[in-house]
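Protein chains in written order, with full-length UniProt numbering: chain E, 1 to 257; chain P, 1 to 259; chain R, 1 to 250.
Just so you know, not all the hints are guaranteed correct.
Claimed, not checked - Below 20 Å or equal to it, Euclidean Cα-Cα: the simulated SDA-like pairs (lysine to any residue) are:
hint	chain 1	residue 1	chain 2	residue 2
1	P	Lys83	R	Ile226
2	E	Lys119	P	Arg116
3	E	Lys119	P	Phe112
To be verified - Restraint-style ranges between C-beta atoms, simulated for each label pair:
hint	chain 1	residue 1	chain 2	residue 2	range
4	P	Leu186	R	Gln142	55 to 65 Å
5	P	Arg163	R	Arg147	51 to 61 Å
6	E	Phe250	P	Gly40	35 to 45 Å
7	R	Gly103	P	Arg12	50 to 60 Å
8	R	Ala69	E	Ala118	53 to 63 Å
9	P	Pro113	E	Glu152	29 to 39 Å
Honestly, the hints are just simulated from the structure, not real lab data. Since the structure is predicted, the reported quantities are computational estimates derived from the model, not experimental observations. Cβ coordinates follow ideal geometry from the N, Cα and C atoms, glycine included.
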Amino acid sequence: MTFKSIAAASLLALAASLGAASAEQIKVGIAAEPYPPFASADAAGNWTGWEVEIIGAVCGAAKLDCAITPVAWDGIIPSLTGKQIDVIMASMSITDERMQSIDFSDMYYNTPAVIVAAKDSDIKPTPEGLAGKILGIQASTTHQAYAQAHFEGKTELKVYQTQDEANQDLIAGRIDATQADSIALADFVNSEAGACCEIKGAVANDPAILGAGVGAGLRKGDEDLKAKINEGIAAILADGTYDKITSKYFTTSIYSK
Amino acid sequence: MTALRPLLVPHRIVMMLVALGIVAWCAVSMRWDWIPRYSGLALEGLWRTIWLLVVSSVLGMLLAIPLGLAQAVGPWYLSAPAKAFCTIIRGTPLLLQIWLLYYGLGSLFPQFPAIRNSELWPYLRQAWPYAVLALTLSFAGYEGEVMRGAFSGVARGQIEAARAFGMPRRTIFRRIWLPQAIRNALPTLAGETILQLKATPLVATITVIDIYAVASRVRQDTFIVYEPLLLLAVIYMVIAGAIALAFKRFELRIPARAR
Amino acid sequence: MSHLVETLGLASSLQLLSLSPPGWGANLLRGLVNSLQIAFGAFGFGLVIGLFGAYGKLYGGPVVRDLLAVYTTVIRAVPELVLILILYYIGTDLINQMAAALGYGRVEINGVVAGIWVLGIVQGAYATEILRGAILAVPPGQIEAARAYGMPPFMLMRRVTIPAMMSFAIPGLANLWLIATKDTALLAVVGFNELTLETKQAAGSTRAYFTFFLAAGAIYLAVTLISGVAFKRIERWARKGQPSLRSGGA
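Same shape as in the complex, but just chain E (with noise of 0.2 Å):
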C-alpha cells in the first residue's frame, strides 16, 4: 500500500463518515445572533421569535420537515450556496443585488428602515442630518447598502457583524447613530437597554436597495422548494395563522405591499 494510496482511502473514510443527509429534512438558515422580536435564543439555546414562529408555520402548511440552523449571517448567501442550508429565512430583503446570486419566494414582511440615535442628539434621517456624525450598520445588509449609497462620504460607516453589536456600541457612544428595521430597532428602544435612544425618522425610500420586502432566499433553480414555500405562505396568510402569529408580536400589520 503506498502513501498516495492511503491518502485516499483515509480521505474516503472521512467523506462517508460525514454520511449521506436524509433526502427530505429542510434545513433552514437563521443568523446566529440575536435578532429580537424576530428571532432570538433563551439561555436554554431554543430559537424563538416571530419569524421563528412563521418558519414553523410556512413548513408546516407546505408540509415540510424543517431543522432550524443557525448561521453566521455574513456568510449566509454561501452557506445557502455550498448547500449546508437549503433555504435562508433570515429577514433578508428581496433586492436585484442579492437575486443574481440567489433566488427568493413571495415577500412574507414588509417594513420601513429607520435610524435610531440618542435622545439628544439632533440626528435627522437624511444625509444632511447624518453629516459628520458615524452611523453603524450591520453587514451584508440592505441598509448597508443604502448608507453606502446616500450617506458615505459625509457620514463616517461602521460595519458590524451583527445588529446587536451595533446597538451595544451605540449604547456605549461609540456610534451616534444606526439605521435597520423598523420592528427591530422599536424593539431596541423599548428595551431596558435601550433607553439611552429613540427613533428618529424613516429614512427616505429607494426601492432599489432597499428591495420589495422580506422573502426567503433559496437556490437558484430550487422550483420545487420554491413553489412549495410560496404555497405555505400564502397558505398562512389565508387562514389567519399568519394574523394570529403576529399579533402576539406586533400591534399593526408588518405586511404592506
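Given chain E's structure and the hints, the job is docking chains P and R onto it.
Below, chains P and R alone, put in the same frame as chain E:
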C-alpha cells in the same frame, strides 16, 4: 543564475507550468472586475494592517523586555506577576481578549461622565486603540516568554567579566546583556512577527477596517465569495514573505556569534 | 463606586453563570464541549496529516516533497481566519460536488466536522514540521537495524520510529494542542457555537460583558493549565528508559 538552478529541475518546471496554468485559469474564469472599484479602499486597508503590525510589534517588544527580565532574574514580586501575565495571554484566545477589551472595557468607559467628557473620549470611542492594545499585549505575552529564555541564555561569565571591569549595572545591561539577549531572540522574532501578522485580521471583528475587512466588504457588496478571499491569502503570503526576507537580511548584517 | 460594582455585575455574576436557565452557565459548558470536540478532532486529524506529511517530506519523491513544501508554507503564511473561511466555503462545496459525483446525493456537514476539517488542515502543516524534525532526531541506526531485520515499513513505523520519536515530538505537539484549543475560537467568526461565540451571545443578551468574558477566559486558561500538566506526564512516560535529553524542539 546559480540561484535559479534548483528551480530548473524537470519536475519543478512541470509543477510551475501547472501552477501558472491554475493562475491563468483563475484569472480568466473567475470574476476580478471588482478590483478597480475597491483598489483605493484596499490600499487603505493594507496600510492599516501594516501599521497595526508594526506599531503593536514594536510596543509589544518594548513591553516584552521588562517582562522577560523580570521572569529571568527579577525578585518573586516581579517575576510572579510577569509569569502570570504571560500565562494568561498565552492561555486564552486572542479573539476573546479583543472582545473583552472592546466590548467589556469599552462599555464601561462611557458610563463615567468624566471619561465621556474628557479629551480622551474621541479616541476611546474608536476601535483602533483597543485593537492596538490587544495586539500589543498579545505580542508582549508571547515574546516575553521568548525574552525570558533569551536573557537566561546569556553566558554568566560575560556579565561577571563586565562586573569585574567595574562597569556600572546600567551599562552592563545596555551594552552586554540586552544586545546579546536580543540576538538570542532574533531567530524566533521573524516567526513571531509573522504570527502577529496572522493575528491582525481579528481586529476586523471590532470594526477596524484592515485589509481583511475590505475583502469582507467586497464579499458583502458583490456576493463574490472566493475571489476576494484568494487574493487576500496571496496578499498575506506576500507580506509574510517580505517579513521573512527582511529578518534574514537583518540577521546577516549582525556578526556571527563567536563561541 | 456602586456603579462600578453594578457594571461589573459582581452581585449577580454567580446567578448569571448558574447552570440552569436563566443562568447561562450551561451554554458556556455546551460551547466548551464543542470547542474541545473540535480541538481533539482537529489535533488528531492534524497528526494524521502530519505523519504522512513528515514521511512524504523525508522519504517521498521530489514532486511529493515540493507539494508538501508548498502546503506547509502556504498554511503557515496565511492567517487562520482567512484559511478557515476559504476551507469552510470551498471545502464544503467540494465535498458536496464529490459526493454528487459519487452518487451519494448531498452530504450533510455539521459544524463540528467542518471545524475539524478546517482546523485539522491548518494543524497538519505545523504537525508535519514537528514530526519531520522528530523523525530526523531518531538515531538512524535504530531504523537501519530494524530494516536489516527485514521489518516491513508499517511495522517499522509502529514499533520503532514512532515510539523513538515521541519524546522529541511531544514538546512541539503540546504547543500545537494549545494552538488547537485557542484556534477553535476563530470558528466563532463563521457562526459556529463554540465557547467564544456562546460567551459573546450570553454577554450581549445580558450586557454582563466582564462576567462572561472573564469566565470564558478562566475556562480556556484551565484547559491550558490542565493540558500542560497532562503533557508533562506524557513526556515523562515517553522518555521512559531513555538517557536524559536536552529539552527538545518547540
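Each hint, compared with the structure:
1. P:Lys83 with R:Ile226: Judged against 20 Å, a Cα distance of about 17 Å means the pair holds.
2. E:Lys119 with P:Arg116: With Cα atoms ~16 Å apart, lysine 119 (chain E) and arginine 116 (chain P) stay inside 20 Å; holds.
3. E:Lys119 with P:Phe112: holds (18 Å)
4. P:Leu186 with R:Gln142: 55 to 65 Å: violated (35 Å)
5. P:Arg163 with R:Arg147: 51 to 61 Å: Hint holds: Cβ distance 55 Å, inside 51 to 61 Å.
6. E:Phe250 with P:Gly40: 35 to 45 Å: With a Cβ separation near 43 Å, phenylalanine 250 (chain E) and glycine 40 (chain P) satisfy 35 to 45 Å, so the hint holds.
7. R:Gly103 with P:Arg12: 50 to 60 Å: violated (38 Å)
8. R:Ala69 with E:Ala118: 53 to 63 Å: The hint (53 to 63 Å, Cβ to Cβ) holds, given that alanine 69 (chain R) and alanine 118 (chain E) are roughly 56 Å apart.
9. P:Pro113 with E:Glu152: 29 to 39 Å: holds (32 Å)
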